[in-house]
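K.L.:
Here is what each chain is made of, one letter per residue.
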Amino acid sequence: MENSQQLTALLIWPMLGSILAWFIPKASQRIYSLFISIVQFALVIYVAYPVITQTGQGLEQTLPWLSDLGIQLSLKLDSTSVWFVLLSGFVSFVVLGMKGQWYRRNTRLFSSMAFFLIFSINAAFLSSNLIVFYLSYEAVFIPMILMVGIWGSSTKANSVFRFFLMSFFGSILMLVSIFYLSYLYFLKTGIFSANLNDLLKLSNENSPAMLWCFAGFFLAFAIKVPLFPFHGWLKEVYVNAPAPATIWMSAILSKLGVYGFIRFVGPLFPEAILSAQGILLALAAFSVIYAAFLAIQAKDPKALLSYSSISHLGFVMLGVFSMGASAKTSAIVLSVSHGLTSLVLFYLYDLIVKRKEDVSLEAYSGLAKKFPILFVCLFIGVLASVSLPGTFNFVGEFLVLIHAYPVSALCTILAGIGVIFGAVYMLKFYQKLGFGVSSDAQVAEVAEDISGFDLIVIVLILALIIYFGFQPSLFLGGMTNV
Amino acid sequence: MNEPWMMLIVACTVFLIGLMGVIFRKNLLIVLMSVELMLNAVNLSFVTFSKLHNSLEGHISVLFVMTVAAAESAVGLGLVIALFRTLKTADSDQIQILRD
Amino acid sequence: MNLLLIVLFPFFGFMINGFMQLRSLKTGHKISSKQSGSIATFAMVLSFITAIYYFIQFSGQQEDGRLIEQNLFSWIKLGAFHVDFSLRLDSLSLLFTMIITGVGSLIHLYSIGYMKEDETPAKYFSYLNLFCFMMLNLVLGATMPHIFLGWEGVGLASYLLIGYWNQDTAKVGAGQKAFVMNRIGDLGFLIAMFIAYKYVGSLDLVDLQKATLSPKIASVVGLLVFFACTGKSAQIPLFTWLPDAMAGPTPVSALIHAATMVTSGIYLLTRISPLLLQAPDVLSVIAMVGVTTAFVSAVIACAQKDIKKILAYSTVSQLGFMFLACGVGAFDAGVFHVMTHAFFKALMFLGAGSVIHALHEEQNIFKMGGLSRKLPITTFTFVMGWAAILGLPPFSGFFSKDEIIIQSLHSQYGNQILFIMALASALLTAFYMTRLLVLVFFSPSRMEKETEEHAHESPLVMTLPLIALAILSLVGGFMHHSEGGHEEGQSIMIASVVVALIGAAFAFFRYRKFDKEEMTNQFVEKGLGIDVFYNKFFGNGVPLLAKGLSKWIEEYFIQNSMKFCTWMVEFSGSVLKSFQVGSMQVYLLMMVVFGLAFMIWILESVMQGVIFYGK
Amino acid sequence: MDWSFLAFVIFATIAILGSLMVILQKTPVSSAFSLVLVFFSFAGLYALLGAHFIAALQILVYTGAIMVLFVFVIMLLGQDEKTTDIKDTSLLFKGVTTLGAIGLLSVFLRAVMGSKEIVAKGQYSEEKIKELGGNLQAISEVLFKDYVFHFELVSFLILGAIVATVALAKRKNTYSGEYHE
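In the order they appear, the protein sequences are chains P, G, Z and E. Note that the numbering used here numbers the first sequence so that position 314 is 314, with each residue one more than the last. Note that the numbering used here numbers the second sequence so that position 25 is 25, with each residue one more than the last. Note that the numbering used here numbers the third sequence so that position 422 is 422, with each residue one more than the last. Note that the numbering used here numbers the fourth sequence so that position 90 is 90, with each residue one more than the last.
Hints listed in this document are in silico derivations from the structure and should not be mistaken for laboratory results. Predicted model only: the values in this text are computed from it and were never measured. No incorrect hints appear here.
With a Cα cut of at most 20 angstroms, we get these calculated EDC-like pairs of lysine to aspartate or glutamate: (1) K94(E) <-> D91(G); (2) K26(E) <-> D91(G); (3) K121(E) <-> E3(G); (4) K121(E) <-> E57(G).
Go ahead and model the full structure; you've got the sequences and the hints to work with.
P.N.:
The structure is reproduced here in structure tokens:
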């Protein structure tokens, strides 16, 4: 591990962007946001580059903060977190380029919140101190709730409340667990510490207390991902949120849960996971199928996409709970690919909605003829979502399943059935929107095909999805030697 | 010589009497007086412990408490006057403007 | 020469046509089918020439020298798991490559004429090229995931082409049905890969062929792969998508749903035949399923009225024959039949396309008749195809089909039941094919006046492939060096020809003078209720289950528990609110009471030593 | 019997009874005078503990300054009639308060018993103080050496209190803009 000062830049820059946003005129907010986020992405690449190329090498940086309480700003960029940080940098850059009402109403607040969000996401992914992780994990809510609340659709109040409640409920239990863990560490060594490296010394203990702590962590992350019985908040929030918030949630925030499982729960509670592995795998597999069923009957396309998100994250969790280095890597690969795919799908769906007034799935038809290029892009996105071989998702899903199979054949097969239903609902989604006879009355006056920034970005992402579908070694190579 | 714990018992008793006064008296002036009682009780225990520990920190604390008490009663009485002037009462139950 | 070229030519065709299509959408400039079709056809022909080059190279070599491997790049490498992206050409894949590129070229050529009036021919040809690209990946892939790539890719192309006229939601639905049913089979493929990886440790086909597994594992893998094949090759229980797939343009049916894609199941089974031979139980299952499919779909075909549906069921039936061959261990015979079937079934589909083209999208055979005068070339070539599928000597079908029938009795795994059912299927085949032939071309005309007047022979682009395929149907049988010198073979051969002739004669006399619509059994026409059952059970069942889940679990359980949580928060808030009476004294009293309780607790803890303070 | 013990008993009794009177008297004026009693007895207790400087301060600050303030405010507000708030308070409320106080007392007593174990570790023993020249010298040494910063801070507090009091107690500005002679 190399000590590096660059990691703080990943936190300072978005924070700076968040503050400066208040001094930028409204009209140039989009350019400003784009600029800040592109620089941010470039920074991420610059910092992450050595981590990716030098396999197994990570960057580390520790700043003192409240050392007496065991709280330090210890940042760590290793082969696990680097992909999530990269993904969030990329997604943020794309999302901030989207046009929409958030660049017309309360614009300064939007950019400021967006960069605060990036700041807290980066802090959460980088921190290896549990308390700091918790703080940034919670800080993510603030911009998220504001975004849903201010730029969301009309029926948002209740969903925001539930979203907050569920997430807060989970994470507060995690906080208790963190405190208890550091207390246990104190009992053992006489020092308070919430650093992951220190707490890992507790991981070989197998006591009921550890099981309870595991439950606290599990609940927090399972709600965030979300896993089957904890997904109740998701649909309403995704549907009501403005497109950038939806994309952030499904592409990045859900990964925060996955990351939490990989980074903290896995190493801290190996015994607890192993003893509950059957149930966990079953939950993951059931999530896949259950969400697929919900997606099949969904009327609203955005609801369909959000259910499909749950379904795919079920695959990710299947990989995470299978344990083992390869399964972990597979889960990360699938996370990244799911992030890219959901980015494409929600992005394109937003473009379609902008060209339409009504949002019920029945109200669309035959748009492929009207917006051919947009729908070609959407089709490739759909193919990636059903994880057709040759797309990045296939690599992830295949690896996850092949590594989950020796652990639990039954759960793997169950999840595999989800693949079939995935085809059913995604094709339904595409066909309802694109095929059939189009009625011109539904299309807004100034409806043009996708072009400009949208087209460039979408083509770029799709190219990435296909390129990584054949050349995933970048992701796999850097992670095998860990 | 008398045992220090006796002093402490006196301090405790006076403190609790002051507390009772604060709790069930409603006249703000008497409430403030009861607060003074409690402060005095604490001062007494400070001095006692100071003697017990052979240290002078207790005396210093008492000095500071006295200054703070003086300031507090000045401000408190000023508040009472201001309140009385607007509400025409010194009864704490009548003063509920901030509640709703 | 590079092996990659075979694959790349169609890919370039796909890219060029795709971009042309997208550009034309932007500019509004129309692309004629001649333009885009010639690019696509040229790509296929180039690919075919490359394949011929390898064919020549192979024929100069010994049996064991016929192997070319080309490792392109490392695809997925994670820990112990490693899959290369590599192409491998041996005799089997060369044969398939020849069929795909050869028949493919002809069908591309034919499509130029057939899609002349279509609005977006570039899109069509790019899809067609995409299909060939994927299909070539399927047969040239050296590893299971690579085959799976092609396997899913052809499914995708099939989906796109079935629903090519995507303004019609019914056609799109047929495409979706095909895709989903294929995916059901693909699940078997996936799981087979997982098991194979677990027990073999590699997904390279060579390793799989060499592997010796316990009979149990081999059976499971074999069954799963076979399940995948039933999806792709339309066997019981997953065959019902194929008749619906006829919604696509007819050349597509010829290429994808007769000649190439549907035979990939045979290819796959032949590829892993060493594994299958370790599990005789699976072989007998394959044989039984194959022969049952052959028989059942032949029965259904007898009651169809739509010319393409008859051919579709006929394809299912013939595929059943091929599986029967695989099931009795005669993989060679199966592959041989794949080839001959590709010739004559493509021929018949294209002929049917020619007829449909001439009659302006009329597909009901009871509204045709007497077309032999109007469409002489089509008629002539169709008869060749007919003779081939009936197995009349010396047409190609004779050699391949009889080989299968002989093997079904005489092979190590054959038995009487298989033999009799195969023979019965052959009889039915002869019947429905003759029925089709007679009703379309020779019986009195039942067409409407207007249609009849407009009926004309197709242009040369379309008849040329017909003629080429007719010649291939005639001589295709001699391409195979059958070692069959069975003594008993002679009698069976004669028997099967006689059976075919009986069926043909029966149909001929029944339909020769037919001038009204036949009252067919609705139950049989609707596919023996299997499709209806699937629609009822899965088509309605899955949405019903989804609705039920969303209503009972999602709404009542999940959402209500969410509501309960929010209610809990609100309730506890209202309870705690009642403590806020607004009287300072009450707050103080509460402070005292709780402070007292807390202090007692602390003191107790200190006394008991639970909490220790600084010493 | 020691004379100092006697003094302690007297002072303690006065202090406790006086403080009871403070909270039980009906008129604020009598409460205030009871409070004076308590302050005096506390001064005595301080003297008994050897804290002569504190004892003097007690009389100066509390009796001299704070009590005057109280009495002055009572006079200002005209709060000389009998209040009824003791009677108005419900018996239950008073009972619970008393019970709570008694409970707290028992807890305190338990803690007070712990004071027996305290070992004097500080450096200002009686001998040392005598050596320094008395209580006042010792205190000033500590106060102006170790706590001088805090001492200065307190002066700011008092300054703030003065400003606040003036601001609060000042009447509304009645100046109408014209100057009358």
